[in-house]
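Protein chains: 2
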Amino acid sequence: MTARHEEIADELRRAIDREEYTVGSRLPSETDLAAEYGVSRGTVRQAVAALTAEGLIGSRQGARRVVLASRRSQSFAELRSFAQWAKAMGREATGHVVSQEYRPATQEDAVRLQLPLGTPVLHVLRVRGLDGEPVLLERTVYADWISPAVEAIEPDCPSAELLGIRRTSPLLRVRRVTTTREGRPVEWSDDRYRSDAVSFSVHNSIGNNALARKTAD
Amino acid sequence: MTARHEEIADELRRAIDREEYTVGSRLPSETDLAAEYGVSRGTVRQAVAALTAEGLIGSRQGARRVVLASRRSQSFAELRSFAQWAKAMGREATGHVVSQEYRPATQEDAVRLQLPLGTPVLHVLRVRGLDGEPVLLERTVYADWISPAVEAIEPDCPSAELLGIRRTSPLLRVRRVTTTREGRPVEWSDDRYRSDAVSFSVHNSIGNNALARKTAD
DNA sequence: GAGTGGTCTAGACCACAAG
DNA sequence: TTGTGGTCTAGACCACTCA
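The listed protein sequences correspond, in order, to chains A and B.
Okay, so the first sequence: first residue is 1 according to our numbering, each after it adds one.
Okay, so the second sequence: first residue is 1001 according to our numbering, each after it adds one.
These are computed hints drawn from the structure, not numbers from a lab.
Even glycine gets a Cβ: it sits at the ideal position worked out from N, Cα and C.
Any given hint could be a false lead.
Restraint-style ranges between C-beta atoms, simulated for each label pair [what the hints assert, rightly or not]:
{"#": "1", "chain 1": "A", "residue 1": "Thr31", "chain 2": "B", "residue 2": "Asp1144", "range": "38 to 44 angstroms"}
{"#": "2", "chain 1": "B", "residue 1": "His1123", "chain 2": "A", "residue 2": "Pro120", "range": "49 to 55 angstroms"}
{"#": "3", "chain 1": "A", "residue 1": "Glu20", "chain 2": "B", "residue 2": "Glu1019", "range": "48 to 54 angstroms"}
{"#": "4", "chain 1": "B", "residue 1": "Glu1019", "chain 2": "A", "residue 2": "Glu101", "range": "32 to 38 angstroms"}
{"#": "5", "chain 1": "A", "residue 1": "Arg60", "chain 2": "B", "residue 2": "His1123", "range": "17 to 23 angstroms"}
{"#": "6", "chain 1": "B", "residue 1": "Thr1119", "chain 2": "A", "residue 2": "Glu101", "range": "54 to 60 angstroms"}
{"#": "7", "chain 1": "B", "residue 1": "Asp1144", "chain 2": "A", "residue 2": "His123", "range": "30 to 36 angstroms"}
Produce the entire structure from the sequences given, and follow the hints as far as they go.
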């Protein structure tokens, strides 16, 4: 059922967690790992590529892979939910679910969440605020296999004043896709921020800068 | 010199740019692309994996890959430099280079930027602010092959009051790596934000959420 | 110079999509 | 049913690291 390379990636993550491989130390060679797990080198490379994308390990041609970080020390630079982030900032996060309903997955939903066409997906429209001030209009589409967990958590506040701004106000629009460690898409979202209220910044393995522009969406 | 799979990825990006493949249309099959470029299927998969990571195309098992976006329409959701972002927010961005010097690449520099040990890398320490208020202390290390471009742009303001806060003030710390489209690391940075001023994250193909936590660093 | 990661090939089988 | 992407194998050569 689960792909072998995902199992191996998980085992490596756990090995790093329990400090079998400590931060700064070298991972076994691809050949050794292949022998250890009884797979080909290609499969090992698929596994370590996942950890590399997560920033857990680094690599340079000719040298052993190096453990860069462990999931234990995730005190900072950890991507946070809106509420977690607000708390860290000493602000009070508010959230209201405006609407919530299942719809069959459109072509776009299916592609972004890697689901069959027509699979029921959960659409949630939320207004989120800081210290009572509405700041973010959030449209999220959840994959069917995760939506029960979402419904169980959602506090259902029937309605809310949508941001309380004119429809023509400029908004910062952000589309994003959230995935599990294994790269399985969990949700994708189309957010519109009040452009005078919030902000943010980059934090990406697959990032960009002014010198080498990238299209995020 | 350049890997074949990178060349193919570039050609595909350009093909999407000139709307040879329009948004919403299907890409040729891996087999067809392999024949067209005279390479094996594995090489084609390396190429399309890059575009997938960039969010340009999507894929589902059994169906043709779909073009999700073009680099033409990058008006929003584009990762911006600090100055670009500030301007979009209607704020005035300030920046001062506190120090700037070349040092031989340490083990960490070498791994994160995928450079040989001891290669000269450019260390830049900046203070950035919004509307005159210092907000971000930014330490950036640039790869040698990109540093000339950095030096040419940098305005050198000799010094600045470092954030104007006590050394013990809590700071939000963010480490990030910036890469080119091809995944070649350009810089990595260790930033410390004034925790009462601003900041945060999210916006990632390889993201996370509260349900499936990920270690960003 | 031996070891290692980066690249590439040419096959194979499977699960899923779509007609 | 046919085509497609996802996975996996078992080789190969090269560029680079490091002792």
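Going down the list of hints, with the structure as the test:
no.	hint	verdict
1	Thr31(A) - Asp1144(B): 38 to 44 angstroms	violated, 31 angstroms
2	His1123(B) - Pro120(A): 49 to 55 angstroms	holds, 52 angstroms
3	Glu20(A) - Glu1019(B): 48 to 54 angstroms	holds, 50 angstroms
4	Glu1019(B) - Glu101(A): 32 to 38 angstroms	holds, 35 angstroms
5	Arg60(A) - His1123(B): 17 to 23 angstroms	holds, 20 angstroms
6	Thr1119(B) - Glu101(A): 54 to 60 angstroms	holds, 55 angstroms
7	Asp1144(B) - His123(A): 30 to 36 angstroms	violated, 48 angstroms
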